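Here the protein sequences come in this chain order: A and B. The first sequence: position 432 = 453 (my numbering), numbered continuously. The second sequence: position 66 = 73 (my numbering), numbered continuously.
Hints are supplied without guarantee of correctness; some may be wrong.
As the list claims (entries may be wrong) - With a straight-line cut-off of 25 Å between C-alpha atoms, the simulated DMTMM-like cross-links for lysine to aspartate or glutamate are:
{"hint": "1", "chain 1": "B", "residue 1": "Lys320", "chain 2": "A", "residue 2": "Asp58"}
{"hint": "2", "chain 1": "A", "residue 1": "Lys394", "chain 2": "A", "residue 2": "Asp364"}
{"hint": "3", "chain 1": "B", "residue 1": "Lys261", "chain 2": "B", "residue 2": "Glu154"}
{"hint": "4", "chain 1": "A", "residue 1": "Lys73", "chain 2": "B", "residue 2": "Glu317"}
{"hint": "5", "chain 1": "B", "residue 1": "Lys58", "chain 2": "A", "residue 2": "Glu78"}
{"hint": "6", "chain 1": "B", "residue 1": "Lys136", "chain 2": "B", "residue 2": "Asp41"}
{"hint": "7", "chain 1": "B", "residue 1": "Lys320", "chain 2": "B", "residue 2": "Glu154"}
{"hint": "8", "chain 1": "B", "residue 1": "Lys261", "chain 2": "B", "residue 2": "Asp41"}
{"hint": "9", "chain 1": "B", "residue 1": "Lys323", "chain 2": "B", "residue 2": "Glu303"}
{"hint": "10", "chain 1": "B", "residue 1": "Lys323", "chain 2": "A", "residue 2": "Asp58"}
{"hint": "11", "chain 1": "B", "residue 1": "Lys102", "chain 2": "B", "residue 2": "Asp319"}
{"hint": "12", "chain 1": "A", "residue 1": "Lys73", "chain 2": "B", "residue 2": "Glu95"}
{"hint": "13", "chain 1": "A", "residue 1": "Lys73", "chain 2": "B", "residue 2": "Glu183"}
{"hint": "14", "chain 1": "A", "residue 1": "Lys73", "chain 2": "B", "residue 2": "Asp310"}
{"hint": "15", "chain 1": "B", "residue 1": "Lys320", "chain 2": "A", "residue 2": "Asp189"}
{"hint": "16", "chain 1": "A", "residue 1": "Lys304", "chain 2": "A", "residue 2": "Glu467"}
{"hint": "17", "chain 1": "B", "residue 1": "Lys323", "chain 2": "B", "residue 2": "Glu94"}
{"hint": "18", "chain 1": "B", "residue 1": "Lys294", "chain 2": "B", "residue 2": "Glu119"}
{"hint": "19", "chain 1": "B", "residue 1": "Lys261", "chain 2": "B", "residue 2": "Asp142"}
{"hint": "20", "chain 1": "A", "residue 1": "Lys73", "chain 2": "B", "residue 2": "Glu327"}
{"hint": "21", "chain 1": "B", "residue 1": "Lys262", "chain 2": "B", "residue 2": "Glu74"}
{"hint": "22", "chain 1": "B", "residue 1": "Lys102", "chain 2": "B", "residue 2": "Glu74"}
{"hint": "23", "chain 1": "B", "residue 1": "Lys102", "chain 2": "B", "residue 2": "Asp239"}
{"hint": "24", "chain 1": "B", "residue 1": "Lys278", "chain 2": "A", "residue 2": "Asp189"}
{"hint": "25", "chain 1": "B", "residue 1": "Lys158", "chain 2": "A", "residue 2": "Glu78"}
{"hint": "26", "chain 1": "B", "residue 1": "Lys294", "chain 2": "B", "residue 2": "Asp265"}
{"hint": "27", "chain 1": "B", "residue 1": "Lys156", "chain 2": "A", "residue 2": "Asp58"}
{"hint": "28", "chain 1": "B", "residue 1": "Lys97", "chain 2": "B", "residue 2": "Asp239"}
{"hint": "29", "chain 1": "B", "residue 1": "Lys323", "chain 2": "A", "residue 2": "Asp360"}
{"hint": "30", "chain 1": "B", "residue 1": "Lys53", "chain 2": "A", "residue 2": "Glu78"}
{"hint": "31", "chain 1": "A", "residue 1": "Lys371", "chain 2": "B", "residue 2": "Glu95"}
{"hint": "32", "chain 1": "A", "residue 1": "Lys73", "chain 2": "B", "residue 2": "Glu119"}
{"hint": "33", "chain 1": "B", "residue 1": "Lys313", "chain 2": "B", "residue 2": "Asp265"}
{"hint": "34", "chain 1": "B", "residue 1": "Lys323", "chain 2": "B", "residue 2": "Asp310"}
{"hint": "35", "chain 1": "B", "residue 1": "Lys97", "chain 2": "B", "residue 2": "Glu327"}
{"hint": "36", "chain 1": "A", "residue 1": "Lys307", "chain 2": "A", "residue 2": "Glu193"}
{"hint": "37", "chain 1": "B", "residue 1": "Lys278", "chain 2": "A", "residue 2": "Glu65"}
{"hint": "38", "chain 1": "B", "residue 1": "Lys323", "chain 2": "A", "residue 2": "Asp364"}
{"hint": "39", "chain 1": "B", "residue 1": "Lys58", "chain 2": "A", "residue 2": "Asp364"}
{"hint": "40", "chain 1": "A", "residue 1": "Lys73", "chain 2": "B", "residue 2": "Glu198"}
If you are wondering where the hints come from, they were derived from the structure by calculation, not from laboratory data. None of these values were measured; they are calculated from a predicted model.
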Amino acid sequence: MNRFLPWGMLSLVALFFLAVFIAYPIFGVLARSFIGDSGSFSVEGFVIFLTKGRYLEALGNSMILGITVTFTCTLVGVFLAFIVARYEIPLGSMILLLPLSILIIPELITAQSWIMVFGNDGLLTRLFRALGVPFPRFYGWLGLIYVMTLSFYVHIFLAALAALRSFDHSLEEAGQSLGTAPLVTYFKVVFPTIMPAVLSAGLIVFTLVVGNFAISINLGQSVPLLSVLTYRSFISEMGGSPVMQSTLATVSILLVASILFLQKRYLSKKDYQMIAGRTPPRKKLKGWKSLLASGAAALIIVLSLLPAFVVLVGSFTYSSGPVMHWGQFTFENYSRIWDFNLDVILNSLKFASLATTFGVSFATLVSYLLIKKRSSVSSTLDYLLLLPLTISGTVLGIALAQGFNSGPLVLTGTSALMVLAMMVRRLPFGVRNASSNLHNISNSLEEASVSLGVPPLKTFFKVVLPLMAPGIAAAAILTWVTTVAELSAVVVLYQAGQETLPIQIFRLISSDLMGRASAFGVINMIIIILPVFFGIRVMKVKLFAS
Amino acid sequence: MKRLLHSVLISAILSSTSAAMAGEVNLYTSNTEDSVTTAVDLIREKAPDIKVNIIAGSSGALLRRIEAEKGAPGADLFWSSGFSTLEEFKALFTKYNSPEVDHLTPSLRATESPWVGTNTHVMVLMINKDVLEDDTPTSWQDVMKPEWKGKVTMADPANSSSAYAQLYGVYSLYGEEGVRKLAANVELQGETSGAYKAVAQGEYPAGLTMEYAAQRYVVGGQRAIQVVYPKDGTFLSPEGLALIANGPNPEDAKKVYDLFLSQQMQAALVKVTLRRPSRDDVDDALKASGLPTMSEIKVIDVDQNKAGAERDKILKLWSEARG
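Please model the complete structure; the sequences and the hints are all you need to start from.
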């Protein structure tokens with residue numbers, strides 16, 4: 022009895038929560054895809070998927086896009102990591118700010134700003150047109166691949182950088198002293214050892230591309246993609262077919278789940294252990310080589326940061342309906358927000374702070390239970406926490422909307438469901454962050470406290486929690502950043518009066534009103550950046566510890 | 008900054024006086040915030056004793072909300088949605104014969120239905136002269152010619168109600184043969200906005216879209232954009248305002264209803280939205296927005312109810328023709 026209270030009971034509560042708000046809606050989607058219009062078992066949805074319309078084409082396009090972008094991200098990410106790890110280049114320290122910068126620019130805003138550069142009446146489009154230079158059409162494959170590469174390569178960059186830094190330089194020296202040329206050594210010794218890290222980051226990129234909504238819907242007008250079709254089947258002006266909604270969602274769940282399975286199978290076999298690696302010294306490059314390396318690195322950095330700048334300028338640019346008058350400045354885009362849309366900002370703040378508070382509290386508790394108080398339900402908890410990773414935001418949104426629109430708990434259309442979607446979507450990452458330094462906290466501290474007569478719960482709050490604090494702070498900041506930028510799940514859930522900043526930006530981009538979308542974009546970035554800045558500067562939180 | 012101060016002042020005054028106000032009207036609206044603000048400002052001026060509460064959202068969501076609230080309606084007025092959409096929710100509304108109706112274009116009066124036309128979409132060809140290699144098309148028939156294959160775009164009629172109105176219009180003019188020719192030539196965009204954006208971007212020299220959507224670019228200053236009213240006739244897709252059955256404030260709601268149909272309101276709204284008013288005496292406002300008057304356009308009468316009833320048939324024909 023004593024062993025069951027309080028931790029055993031809390032484990033059961035956590036299990037119940039995850040079962041109701043993660044497992045039930047997701048399995049509901051899977052089950053509904055096998056129920057026909059008549060209400061009995063049927064594979065009608067899959068027959069339509071395989072034989073009619075553009076569904077198969079969309080699946081093919083999504084896979085092709087996923088593979089292409091993973092490839093381009095690998096090129097860019099590994100290249101940049103290699104330059105940073107091996108050479109002393111100017112701005113080297115700035116490059117390490119990259120992950121942060123990409124984090125604070127939501128994908129939606131990256132897509133928006135590149136549309137303002139290359140898209141309809143874009144800055145460079147106009148220039149090319151004036152010069153009479155034919156410019157390929159940006160909406161479609163070109164735009165999708167370009168913007169997605171710039172949005173996602175950072176994942177591979179970080180993984181490759183970490184692997185390169187832990188790489189034992191003596192291996193490379195051994196290769197070279199045996200007479201192998203430096204370049205050949207790189208390919209034969211260095212690259213195979215960083216491969217597992219890069220590949221596993223690559224698979225993450227693949228799942229991000231396949232599930233991506235914000236970039237896909239804004240740039241993929243003429244390219245049918247699975248994620249966009251799934252969204253449209255749900256939001257159709259004419260009322261979509263429930264069977265197809267579930268079928269499309271199921272196909273996308275199966276696709277991502279099989280990728281994660283592959284990752285586990287393949288990568289667990291190929292793991293190189295580095296024993297106390299000696300980090301290779303960083304070389305100084307000279308002459309044209311230096312120019313080339315630092316130039317290429319600088320270009321990547323500039324392209325990564327440009328969106329924030331374009332959106333900032335765009336927000337102060339006078340626009341008349343859909344036409345931007347670059348060079349004419351105004352505060353009108355902001356004064357309109359002040360006049361009409363303050364509640365959009367308030368909604369964003371309200372939903373994101375609720376989702377962050379609940380999400381991080383829950384993640385803290387669960388990570389403690391999983392690591393320090395393992396019980397018979399722990400492994401089930403582990404698996405349930407993996408589930409949100411297998412689905413894209415849109416699918417999660419659809420699963421929640423369908424799962425809670427009838428029955429004992431009706432939540433569809435409420436703000437509570439919006440908050441829940443934001444929270445559930447980021448839970449796996451929250452748990453990972455919150456538990457980051459839990460392994461280092463010795464059990465004996467806790468035992469000492471308990472044996473001195475302090476009750477377990479009080480011990481948790483007085484002893485364990487303060488030690489977990491850095492991990493929790495990092496989890497809170499990352500959860501905040503991602504929930505403030507959240508679009509794909511809530512865009513299928515929101516009702517009148519529940520618009521958040523990303524939803525409003527999305528709607529304005531759809532009507533081609535870029536000036537106003539930019540002003541919202543700037544506000545969105547400010548709301549994201551303030552806590553990050555505060556956390557890093559004032560509270561000294563390490564965001565990328567793991 | 009001036010506007011900012013202005014709005015602070017207004018909201019301060021409003022909050023201090025709202026207790027003294029006589030009436031309230033709850034308006035559910037799917038219109039853009041700038042058109043709603045224009046309307047509310049005018050109502051405030053003309054009927055200072057009525058306070059208008061706004062619930063904004065997409066028309067589908069709002070209509071379903073009105074349906075859900077049927078037992079105890081919270082809304083007095085719904086503004087606005089296409090006639091064919093309103094048809095599905097007919098039972099939620101009640102007929103009001105406004106004295107202003109006599110001034111409307113006859114086909115937008117909706118005398119048989121519990122709503123009234125406030126404005127109408129006009130289906131047009133939107134042209135981007137930057138990428139136009141041929142002569143400017145002047146009719147639906149022009150873009151159905153074989154040489155236009157792949158150079159003209161529209162939204163997917165299965166997803167977009169306005170694209171369906173375009174398709175049905177072509178069907179009523181040129182029958183099944185017309186549908187086939189159109190299907191052979193157009194490239195489809197996933198949603199309504201895709202068509203006009205693609206033309207503005209210069210992906211296609213021509214697109215089928217709505218008058219206001221194309222005119223926004225003209226008024227905005229994109230010189231290459233031209234709006235063509237096909238000379239073989241264009242189609243209207245009217246949008247309506249409706250009084251909710253058993254709403255909480257019927258008398259004040261009727262006053263607001265009249266105001267929505269007033270000349271001053273319609274003239275003010277067309278300036279903001281570029282959506283063609285339903286009144287026939289707003290030519291000056293139309294000209295000021297660069298729009299032709301109703302008498303300058305050739306309109307083909309399309310039966311909205313029939314268009315709705317034949318939807319499945321036409322879409323089947325369409326998807327067969329698309330192959």
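Please write out, lowest number first, the hints stated earlier that are contradicted by the structure. 2, 3, 5, 6, 7, 9, 11, 12, 14, 15, 16, 18, 19, 23, 24, 27, 28, 29, 30, 31, 32, 33, 35, 37 and 38
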